[in-house]
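Kindly generate the complete structure, drawing on both the sequences and the hints.
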Amino acid sequence: MRHYIVYGGFAPGARIETSTADRGLVTLLSEMGLDALVRLGVEVVDAYGEWGIAVIKATEREAAELKRHGYQVEEDREIKLSGDLWNLELIGWRDDYPYNGSGVTIAVIDSGVDNGACGLDGKIVGNKDFTGEGQEDLNGHGTHVASIAAGGDVGVARGAKIYNIKAFNKHGVSSDHVVLRAIYHAGTEAQIDVVNMSFGRPGELGDPVARAANWLLSRGKLPVAAAGNSGPERGTIESPALGEYVIAVGAVGPDKRIAEYSSRGPVDNLIKPDLVAPGGVRGRGVVAARPRRGNPLCPPVGNCHMACIGTSMAAPHVSGAAALLFQMAREGKLRDTPAAVAVRNRILQTTEDLGQPPEDQGRGLLRLDKALTTTATQAIETAATSITAIAAAIPIMGILSVLAKPPPNLQRQNFINQVAAAYKAGLITREQLITLYTQGHITLDELIKILKL
Amino acid sequence: MRKVYVRREDSYVLADPAEEGDIIVITNDAKGPPEIKLGTTLIVTVEDIKVAEKLRDALHAEEVIDWGDVVTLVVKATPDAVKTLFTTQGVKRVDISGEVRLL
Chain A
21 MRHYIVYGGF
31 APGARIETST
41 ADRGLVTLLS
51 EMGLDALVRL
61 GVEVVDAYGE
71 WGIAVIKATE
81 REAAELKRHG
91 YQVEEDREIK
101 LSGDLWNLEL
111 IGWRDDYPYN
121 GSGVTIAVID
131 SGVDNGACGL
141 DGKIVGNKDF
151 TGEGQEDLNG
161 HGTHVASIAA
171 GGDVGVARGA
181 KIYNIKAFNK
191 HGVSSDHVVL
201 RAIYHAGTEA
211 QIDVVNMSFG
221 RPGELGDPVA
231 RAANWLLSRG
241 KLPVAAAGNS
251 GPERGTIESP
261 ALGEYVIAVG
271 AVGPDKRIAE
281 YSSRGPVDNL
291 IKPDLVAPGG
301 VRGRGVVAAR
311 PRRGNPLCPP
321 VGNCHMACIG
331 TSMAAPHVSG
341 AAALLFQMAR
351 EGKLRDTPAA
361 VAVRNRILQT
371 TEDLGQPPED
381 QGRGLLRLDK
391 ALTTTATQAI
401 ETAATSITAI
411 AAAIPIMGIL
421 SVLAKPPPNL
431 QRQNFINQVA
441 AAYKAGLITR
451 EQLITLYTQG
461 HITLDELIKI
471 LKL
Chain B
288 MRKVYVRRED
298 SYVLADPAEE
308 GDIIVITNDA
318 KGPPEIKLGT
328 TLIVTVEDIK
338 VAEKLRDALH
348 AEEVIDWGDV
358 VTLVVKATPD
368 AVKTLFTTQG
378 VKRVDISGEV
388 RLL
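Chains as they are written, first to last, in this note's numbering: chain A, 21 to 473; chain B, 288 to 390.
These are calculated hints, taken from the structure and not from any lab test.
Beta carbons: idealized from backbone N, C-alpha and C, even for Gly.
Be aware that a few hints might be false.
If you anchor each label on the Cβ, the simulated ranges turn out as follows [stated by the list, open to error]:
1) B:Leu301 with A:Pro222: 17 to 27 Å
2) B:Lys337 with A:Asn323: 56 to 66 Å
3) B:Lys337 with A:Asp115: 47 to 57 Å
4) A:Arg254 with B:Asp353: 34 to 44 Å
5) B:Glu306 with A:Arg312: 56 to 66 Å
Structure representation (structure tokens):
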């Protein structure tokens, strides 16, 4: 007898609430279109109406019989790096890097984190609840996000710690003013280095939440946010991801294609999303931990994981990568200061160009391998070789340091021409140009010439 | 041009300055939403901590957060609060605390 996961007869978009239904298993399976399980007398271990999935204990013969009924039957299995953890392979993650995020803390502003979920035992170094429900994760989202960022078994930064800031209730809902309290708490906790925000709502530059998220960088914390799941329409980046200094993360599937649901830029003159990371697509979600209690939010995988999709899942890949880079910065291996700015620049300078418009891919796909192995000068030189990539070479916070010491393979005039082209293309704002002049990095003549273009 | 909020049932709505009735004239150039439903939670942005302290006491603010360059107050939308917020110098912006969702 083996465990199998059975799909079938489920109408996409239909929602059958498992927990609220006042009915027996037979009725539930019938509503799910899985009534053959009853007819064949198969042992049903669990049934999840929300996902049209049943977990059964059956013989190989029974599994084959179910397939003949048109059901999809998959044997329950251990999670393997190859295949199941496609997300880590896609960003160049390896377990033999000298950095694992040790000594770094990632705040997860979410629905709470189950400290006993797989890979999260002993990870939580702080808890703060703003919902009144208690620090427990009654939704599942926060546990999954924390697991992607720092889970000891499937996460990006397996040595990093998690600070659980619960601002979302069991339904995954919060309010702007509660989120502001949560962000402020993250900004004032000394031990926090990275702040993951896998939430959002329509907003604008300068709205209170985007502004608060920006403020985190001034406190030395790196703000990372999910871009939104409102794509493929343009101009759908949500707040706080649309904040200038917040790293907005869009989503790709296993084939590196931009996920249709991933929100698109632009946001004024900014490149948004800033980059993309694995968020998964239907049938190929990102596998990470699920809470020990309650129905899983997404299709279950194995005993303690589930596979979810969304830019919520993409963002913690960047938060985890940031944790590794913070560790690197503390060892004096990153050039810029403060560390949060250096980490931000390195992440944005070492992406893989997927050949998609900036409104879709930002600067490209997160590449942890490049971020950890590229020298600072190489990163700038690589990114500054084309006009369209100039913005990758000059993230907003790094613009002064880059122009103060232009890439060695470019003549100054050539570099100024590229800056001018970037300005004309809307990749650098007028205010940034003026700042360059007032700081003495470009001359008045050069400023006037660029502004007249 | 003069801007006003006019009372319509349980809301204040940004309206034509020529409208009559229960009107609040915006005298501080604060940016506000098109409609403020009474009883909702407002997020108020001010630049001066002294203004924030004055508003905190006058409007019984639920929360005051000092971000360094600006101060945020969380207040309930009452007719008195709406009037105070749009007639007190130093108030820069008033937003309604909306719903935020996990993505």
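The hints, checked one at a time:
1. Our hint of 17 to 27 Å for B:Leu301 and A:Pro222 holds, since their Cβ atoms are close to 19 Å apart.
2. Distance hint check: the CB atoms of B:Lys337 and A:Asn323 are about 58 Å apart, consistent with the given range 56 to 66 Å.
3. Checking the proposed 47 to 57 Å range against B:Lys337 and A:Asp115 shows it holds: the Cβ atoms sit about 55 Å from each other.
4. The hint said 34 to 44 Å for the Cβ distance between A:Arg254 and B:Asp353, and at roughly 36 Å that hint holds.
5. Distance hint check for B:Glu306 and A:Arg312: the Cβ-Cβ separation is about 58 Å, which falls inside the suggested range of 56 to 66 Å.
The structure agrees with every numbered hint stated previously.
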